[in-house]
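> Between the sequences and the hints, there should be enough to build the whole structure, so can you do that?
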Amino acid sequence: VPRLDYTDSSCPALLLEPQRTNLVPISEGVPQDTNNVTLTENYGTSPEGVQNSLKVQKNGVDANDRIQPIDNYNATLVSGNDYTISCFVKNIDATNAVTTLGCRVSGGSLFRSGYDWDGSSLSYLTTGYNAGIRENIFVEDYGNDWWRIGFTFEADGTSGNFELDIDRDNGSDTTSIETWGWQLESATGGASYATSYIPTYGTSVSRVAETCTDAGTSATFNSTEGVLYAEVAALADDGTKRYISLSDGGNSNDVRLYLDTNGYISALTKVGGSTQAFLSTNAYAQNNFNKIAFKYKENDFALWVNGVEVATDNSGLVNAANTFNELAFFGNNLPFYGKTNQVLVFPTALSDSELATLTTI
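Residue numbers (the working numbering): 147 to 507.
One should not assume that every hint holds.
Claimed, not checked - Ranges between beta-carbon positions, derived for each pair: (1) Gly409 x Gly317: 16 to 22 Å; (2) Thr191 x Thr272: 28 to 34 Å; (3) Tyr430 x Thr363: 28 to 34 Å.
Derived from the structure by calculation, the hints contain no laboratory data.
Where is the CB? At the ideal position from N, CA and C, for every residue including glycine.
Put into C-alpha coordinates, the structure is as follows:
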(Lines of atoms letter the chains of each structure in order from A and count residues from 1; the text may use other names and numbers.)
(Lines give C-alpha, C1' and ligand atoms only; values in the text may rest on other atoms or scores of the structure.)
Protein backbone atom coordinates (compact mmCIF):
# COMPACT_ATOMS: atom_id res chain seq x y z
CA VAL A 1 0.00 0.00 0.00
CA PRO A 2 1.62 3.31 -1.02
CA ARG A 3 2.19 5.91 1.66
CA LEU A 4 1.62 9.58 0.85
CA ASP A 5 3.25 12.70 2.25
CA TYR A 6 0.80 15.60 2.63
CA THR A 7 3.29 18.38 3.38
CA ASP A 8 1.81 20.04 0.31
CA SER A 9 -1.80 18.96 0.75
CA SER A 10 -2.71 20.12 -2.75
CA CYS A 11 -0.37 17.53 -4.25
CA PRO A 12 0.57 14.63 -1.95
CA ALA A 13 3.85 12.90 -2.77
CA LEU A 14 4.65 9.19 -2.83
CA LEU A 15 6.76 8.56 0.28
CA LEU A 16 9.42 5.82 0.29
CA GLU A 17 11.49 5.41 3.47
CA PRO A 18 14.22 3.06 4.73
CA GLN A 19 13.83 0.55 7.54
CA ARG A 20 13.67 2.24 10.94
CA THR A 21 12.79 1.27 14.53
CA ASN A 22 11.24 3.58 17.13
CA LEU A 23 12.92 2.62 20.42
CA VAL A 24 10.39 4.54 22.54
CA PRO A 25 8.05 1.83 23.93
CA ILE A 26 5.05 4.20 24.35
CA SER A 27 5.31 7.05 21.88
CA GLU A 28 2.13 8.91 22.90
CA GLY A 29 0.24 8.98 26.18
CA VAL A 30 2.06 8.73 29.52
CA PRO A 31 5.89 8.72 29.60
CA GLN A 32 7.94 6.31 31.69
CA ASP A 33 8.93 9.01 34.20
CA THR A 34 8.43 12.70 35.04
CA ASN A 35 10.10 15.35 37.18
CA ASN A 36 8.37 18.46 38.61
CA VAL A 37 5.47 18.46 36.14
CA THR A 38 1.74 17.74 36.10
CA LEU A 39 0.26 15.75 33.22
CA THR A 40 -3.14 16.00 31.54
CA GLU A 41 -3.88 13.15 29.12
CA ASN A 42 -5.94 13.59 25.94
CA TYR A 43 -5.72 17.35 26.33
CA GLY A 44 -5.81 18.52 22.72
CA THR A 45 -5.82 17.47 19.09
CA SER A 46 -2.46 16.07 18.01
CA PRO A 47 -1.00 16.23 14.47
CA GLU A 48 -2.78 12.90 13.97
CA GLY A 49 -6.11 14.74 14.14
CA VAL A 50 -7.16 12.89 17.30
CA GLN A 51 -7.65 14.31 20.81
CA ASN A 52 -4.69 12.44 22.31
CA SER A 53 -1.98 15.01 23.03
CA LEU A 54 -0.36 15.26 26.46
CA LYS A 55 -0.39 18.57 28.37
CA VAL A 56 2.73 18.99 30.51
CA GLN A 57 2.68 21.79 33.10
CA LYS A 58 5.68 22.96 35.10
CA ASN A 59 5.33 22.83 38.85
CA GLY A 60 7.45 25.95 39.24
CA VAL A 61 10.20 24.19 41.22
CA ASP A 62 13.29 24.40 38.99
CA ALA A 63 14.48 24.15 35.40
CA ASN A 64 14.59 20.33 35.41
CA ASP A 65 10.88 20.11 34.61
CA ARG A 66 10.74 17.16 32.27
CA ILE A 67 9.11 14.06 30.97
CA GLN A 68 11.12 10.97 30.12
CA PRO A 69 9.52 8.74 27.49
CA ILE A 70 12.57 6.52 28.12
CA ASP A 71 14.08 6.53 31.62
CA ASN A 72 16.54 4.42 33.63
CA TYR A 73 18.67 4.19 30.48
CA ASN A 74 16.19 1.72 28.99
CA ALA A 75 17.08 2.53 25.38
CA THR A 76 19.56 -0.05 24.10
CA LEU A 77 22.11 1.69 21.88
CA VAL A 78 25.08 0.64 19.77
CA SER A 79 28.10 2.79 20.51
CA GLY A 80 29.27 4.49 17.33
CA ASN A 81 25.90 4.27 15.58
CA ASP A 82 23.80 7.28 14.62
CA TYR A 83 20.38 7.82 16.19
CA THR A 84 17.75 10.45 15.47
CA ILE A 85 15.55 11.76 18.28
CA SER A 86 12.36 13.75 17.67
CA CYS A 87 8.94 14.70 19.03
CA PHE A 88 6.01 17.05 18.42
CA VAL A 89 5.39 20.08 20.66
CA LYS A 90 2.86 22.91 20.86
CA ASN A 91 2.87 25.96 23.13
CA ILE A 92 -0.04 26.54 25.51
CA ASP A 93 1.01 29.47 27.71
CA ALA A 94 4.81 29.43 27.92
CA THR A 95 6.31 32.93 27.54
CA ASN A 96 9.94 33.53 26.51
CA ALA A 97 10.48 29.85 27.17
CA VAL A 98 13.11 27.35 26.01
CA THR A 99 12.06 23.74 25.51
CA THR A 100 14.89 21.23 25.26
CA LEU A 101 15.02 17.75 23.73
CA GLY A 102 17.79 15.36 24.64
CA CYS A 103 19.21 11.86 24.96
CA ARG A 104 21.40 11.21 27.99
CA VAL A 105 23.80 8.30 27.38
CA SER A 106 24.84 6.23 30.38
CA GLY A 107 28.55 6.70 30.93
CA GLY A 108 28.69 8.95 27.88
CA SER A 109 27.40 12.31 26.69
CA LEU A 110 24.26 14.36 27.06
CA PHE A 111 23.03 15.22 23.57
CA ARG A 112 20.59 18.10 23.80
CA SER A 113 19.12 20.89 21.65
CA GLY A 114 17.24 23.98 22.83
CA TYR A 115 14.21 25.45 21.06
CA ASP A 116 12.99 28.99 21.71
CA TRP A 117 9.28 29.86 21.93
CA ASP A 118 8.10 33.21 20.57
CA GLY A 119 4.39 32.92 21.23
CA SER A 120 3.23 29.94 19.18
CA SER A 121 6.33 30.08 16.92
CA LEU A 122 9.38 27.94 17.61
CA SER A 123 12.99 28.16 16.45
CA TYR A 124 16.25 26.39 17.15
CA LEU A 125 18.29 28.18 19.79
CA THR A 126 21.82 28.23 18.40
CA THR A 127 23.45 29.24 21.70
CA GLY A 128 22.67 28.01 25.20
CA TYR A 129 21.07 24.81 26.47
CA ASN A 130 22.79 22.75 23.78
CA ALA A 131 25.10 19.84 24.52
CA GLY A 132 27.01 17.17 22.62
CA ILE A 133 27.79 16.92 18.92
CA ARG A 134 24.54 16.96 16.94
CA GLU A 135 23.71 17.02 13.24
CA ASN A 136 20.62 17.57 11.08
CA ILE A 137 18.94 19.72 13.75
CA PHE A 138 15.44 20.58 12.57
CA VAL A 139 12.27 22.48 13.46
CA GLU A 140 9.35 21.62 11.19
CA ASP A 141 6.02 23.43 11.13
CA TYR A 142 3.18 20.88 11.06
CA GLY A 143 0.37 23.43 11.13
CA ASN A 144 -2.15 24.26 13.86
CA ASP A 145 0.81 25.57 15.95
CA TRP A 146 2.39 22.09 16.14
CA TRP A 147 6.11 21.69 15.57
CA ARG A 148 8.31 18.63 15.12
CA ILE A 149 11.78 19.06 16.59
CA GLY A 150 14.81 16.79 16.58
CA PHE A 151 18.41 16.02 15.67
CA THR A 152 20.88 13.21 14.98
CA PHE A 153 23.71 12.14 17.29
CA GLU A 154 26.34 9.41 17.43
CA ALA A 155 25.96 7.28 20.56
CA ASP A 156 29.03 6.99 22.78
CA GLY A 157 27.56 4.33 25.05
CA THR A 158 25.21 1.36 25.04
CA SER A 159 22.12 2.75 26.81
CA GLY A 160 20.28 6.04 27.05
CA ASN A 161 17.30 8.13 28.18
CA PHE A 162 14.84 10.31 26.25
CA GLU A 163 14.26 13.69 27.94
CA LEU A 164 11.95 16.58 27.08
CA ASP A 165 12.29 19.62 29.36
CA ILE A 166 9.35 22.03 29.25
CA ASP A 167 11.15 25.31 29.99
CA ARG A 168 14.75 25.49 31.16
CA ASP A 169 14.84 29.27 30.87
CA ASN A 170 12.23 30.00 33.56
CA GLY A 171 12.61 27.55 36.43
CA SER A 172 9.88 28.97 38.69
CA ASP A 173 7.15 29.30 36.07
CA THR A 174 4.04 27.11 36.03
CA THR A 175 3.47 27.30 32.27
CA SER A 176 2.80 24.37 29.96
CA ILE A 177 3.07 22.87 26.49
CA GLU A 178 1.48 19.98 24.61
CA THR A 179 3.53 17.09 23.29
CA TRP A 180 3.01 13.91 21.28
CA GLY A 181 4.81 11.46 19.00
CA TRP A 182 8.10 10.72 20.80
CA GLN A 183 10.60 8.91 18.61
CA LEU A 184 14.17 7.61 18.96
CA GLU A 185 15.08 6.08 15.62
CA SER A 186 17.56 3.29 15.07
CA ALA A 187 18.56 1.34 11.98
CA THR A 188 21.21 -1.17 10.98
CA GLY A 189 24.26 0.94 10.31
CA GLY A 190 22.68 4.01 11.92
CA ALA A 191 19.77 6.43 11.49
CA SER A 192 21.32 9.65 10.19
CA TYR A 193 18.12 11.62 9.57
CA ALA A 194 14.51 11.70 10.74
CA THR A 195 11.80 9.70 9.02
CA SER A 196 8.04 9.80 9.52
CA TYR A 197 6.49 9.03 12.88
CA ILE A 198 6.25 5.36 13.96
CA PRO A 199 3.62 4.97 16.74
CA THR A 200 4.30 2.49 19.56
CA TYR A 201 1.93 1.20 22.24
CA GLY A 202 4.00 -0.81 24.71
CA THR A 203 7.10 -1.93 22.85
CA SER A 204 9.44 -0.68 20.15
CA VAL A 205 8.15 -0.97 16.59
CA SER A 206 9.99 -1.36 13.28
CA ARG A 207 8.83 -0.14 9.89
CA VAL A 208 10.28 -2.22 7.06
CA ALA A 209 12.02 -0.55 4.13
CA GLU A 210 9.62 0.50 1.39
CA THR A 211 10.20 -0.22 -2.30
CA CYS A 212 8.41 0.51 -5.55
CA THR A 213 9.35 -1.80 -8.44
CA ASP A 214 8.17 -3.83 -11.44
CA ALA A 215 6.03 -1.26 -13.29
CA GLY A 216 5.54 -1.91 -17.01
CA THR A 217 6.55 -4.48 -19.62
CA SER A 218 8.73 -4.46 -22.75
CA ALA A 219 5.65 -3.23 -24.64
CA THR A 220 5.44 -0.17 -22.38
CA PHE A 221 8.86 1.39 -22.90
CA ASN A 222 10.96 2.43 -25.88
CA SER A 223 14.50 1.22 -25.25
CA THR A 224 16.04 2.95 -28.29
CA GLU A 225 15.05 6.52 -27.43
CA GLY A 226 12.98 8.47 -24.98
CA VAL A 227 12.96 10.61 -21.84
CA LEU A 228 12.91 9.48 -18.21
CA TYR A 229 11.47 12.28 -16.05
CA ALA A 230 11.04 12.60 -12.29
CA GLU A 231 9.99 15.32 -9.86
CA VAL A 232 11.55 14.14 -6.61
CA ALA A 233 13.09 15.21 -3.31
CA ALA A 234 15.46 13.23 -1.10
CA LEU A 235 14.63 12.71 2.56
CA ALA A 236 18.11 14.02 3.36
CA ASP A 237 21.30 14.88 1.54
CA ASP A 238 23.11 12.08 3.37
CA GLY A 239 25.76 11.04 0.87
CA THR A 240 23.95 7.98 -0.49
CA LYS A 241 22.86 7.13 -4.03
CA ARG A 242 19.14 6.80 -4.81
CA TYR A 243 18.05 5.46 -8.21
CA ILE A 244 15.02 5.55 -10.47
CA SER A 245 15.62 3.33 -13.48
CA LEU A 246 14.35 1.78 -16.69
CA SER A 247 15.93 -1.64 -17.18
CA ASP A 248 15.59 -5.28 -18.11
CA GLY A 249 15.53 -6.10 -14.39
CA GLY A 250 19.31 -6.08 -14.05
CA ASN A 251 22.08 -3.51 -13.89
CA SER A 252 23.77 -4.04 -17.27
CA ASN A 253 21.13 -2.60 -19.61
CA ASP A 254 19.38 0.44 -18.22
CA VAL A 255 18.67 4.15 -18.07
CA ARG A 256 19.04 5.73 -14.61
CA LEU A 257 18.19 9.00 -12.95
CA TYR A 258 19.62 9.35 -9.49
CA LEU A 259 20.41 11.59 -6.60
CA ASP A 260 24.13 10.97 -6.30
CA THR A 261 26.71 11.38 -3.54
CA ASN A 262 28.13 14.80 -2.61
CA GLY A 263 24.92 16.55 -3.61
CA TYR A 264 25.03 15.63 -7.30
CA ILE A 265 22.07 14.92 -9.58
CA SER A 266 23.13 12.42 -12.22
CA ALA A 267 21.95 10.34 -15.19
CA LEU A 268 23.50 7.27 -16.74
CA THR A 269 22.81 4.67 -19.41
CA LYS A 270 24.44 1.27 -19.88
CA VAL A 271 24.42 -1.21 -22.76
CA GLY A 272 25.77 -4.68 -22.07
CA GLY A 273 27.35 -3.43 -18.84
CA SER A 274 29.26 -0.65 -20.62
CA THR A 275 28.47 2.96 -19.69
CA GLN A 276 27.45 4.91 -22.80
CA ALA A 277 26.68 8.26 -21.19
CA PHE A 278 27.12 9.74 -17.74
CA LEU A 279 25.83 13.26 -17.03
CA SER A 280 25.92 15.08 -13.72
CA THR A 281 25.49 18.40 -11.89
CA ASN A 282 25.83 19.53 -8.27
CA ALA A 283 24.05 22.88 -8.47
CA TYR A 284 20.85 21.81 -6.72
CA ALA A 285 19.75 20.90 -3.18
CA GLN A 286 18.66 17.26 -3.22
CA ASN A 287 16.16 17.58 -0.37
CA ASN A 288 14.19 20.19 -2.33
CA PHE A 289 11.85 19.08 -5.09
CA ASN A 290 13.67 19.12 -8.43
CA LYS A 291 12.29 18.41 -11.90
CA ILE A 292 14.81 16.17 -13.66
CA ALA A 293 14.74 14.77 -17.22
CA PHE A 294 17.22 12.48 -18.99
CA LYS A 295 16.94 12.30 -22.80
CA TYR A 296 18.45 9.18 -24.34
CA LYS A 297 18.96 8.56 -28.05
CA GLU A 298 21.94 7.23 -29.95
CA ASN A 299 24.65 9.91 -29.91
CA ASP A 300 22.19 12.35 -28.31
CA PHE A 301 21.99 12.43 -24.51
CA ALA A 302 21.00 15.37 -22.30
CA LEU A 303 20.28 16.06 -18.63
CA TRP A 304 17.80 18.80 -17.75
CA VAL A 305 17.10 20.12 -14.25
CA ASN A 306 14.52 22.78 -13.37
CA GLY A 307 14.26 24.17 -16.89
CA VAL A 308 17.99 24.20 -17.68
CA GLU A 309 20.05 21.83 -19.80
CA VAL A 310 22.94 21.11 -17.44
CA ALA A 311 24.91 18.44 -19.35
CA THR A 312 25.05 16.72 -22.76
CA ASP A 313 26.87 13.84 -24.46
CA ASN A 314 26.88 13.39 -28.25
CA SER A 315 28.50 9.97 -28.40
CA GLY A 316 27.07 6.66 -27.22
CA LEU A 317 24.91 3.65 -28.01
CA VAL A 318 21.41 2.81 -26.79
CA ASN A 319 19.80 -0.49 -25.95
CA ALA A 320 18.04 -2.66 -28.51
CA ALA A 321 14.28 -2.51 -28.95
CA ASN A 322 12.19 -4.33 -26.33
CA THR A 323 15.06 -4.41 -23.80
CA PHE A 324 13.44 -2.38 -21.03
CA ASN A 325 10.60 -4.13 -19.20
CA GLU A 326 10.67 -2.47 -15.78
CA LEU A 327 10.39 0.98 -14.24
CA ALA A 328 11.56 0.87 -10.64
CA PHE A 329 12.59 3.11 -7.76
CA PHE A 330 15.63 0.89 -7.59
CA GLY A 331 18.77 0.50 -9.65
CA ASN A 332 22.18 -1.07 -9.17
CA ASN A 333 20.73 -2.50 -5.91
CA LEU A 334 20.36 1.04 -4.51
CA PRO A 335 16.73 1.88 -3.62
CA PHE A 336 15.29 5.36 -3.95
CA TYR A 337 14.21 6.82 -0.59
CA GLY A 338 12.45 10.14 -0.84
CA LYS A 339 9.32 11.95 -1.96
CA THR A 340 7.98 11.70 -5.51
CA ASN A 341 5.44 14.03 -7.07
CA GLN A 342 5.64 12.54 -10.56
CA VAL A 343 7.53 10.07 -12.75
CA LEU A 344 6.99 9.96 -16.52
CA VAL A 345 8.50 7.98 -19.38
CA PHE A 346 8.24 9.43 -22.89
CA PRO A 347 8.65 7.07 -25.89
CA THR A 348 10.52 9.66 -27.98
CA ALA A 349 13.43 12.01 -27.40
CA LEU A 350 11.74 15.35 -26.72
CA SER A 351 12.96 18.64 -28.20
CA ASP A 352 14.87 21.19 -26.17
CA SER A 353 11.82 23.45 -25.93
CA GLU A 354 9.68 20.52 -24.75
CA LEU A 355 12.28 19.53 -22.15
CA ALA A 356 12.51 23.12 -20.92
CA THR A 357 8.73 23.29 -20.51
CA LEU A 358 8.61 19.88 -18.84
CA THR A 359 11.24 20.67 -16.22
CA THR A 360 10.63 24.33 -15.46
CA ILE A 361 9.65 24.87 -11.82
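> Confirm or reject each hint.
Tested hints:
Against the hinted window of 16 to 22 Å, the Cβ-Cβ separation of Gly409 and Gly317 comes to about 43 Å, which falls outside the hint. For Thr191 and Thr272, the Cβ-Cβ distance of about 31 Å falls inside the hinted range of 28 to 34 Å, so the restraint holds. The hint said 28 to 34 Å for the Cβ distance between Tyr430 and Thr363, and at roughly 33 Å that hint holds.
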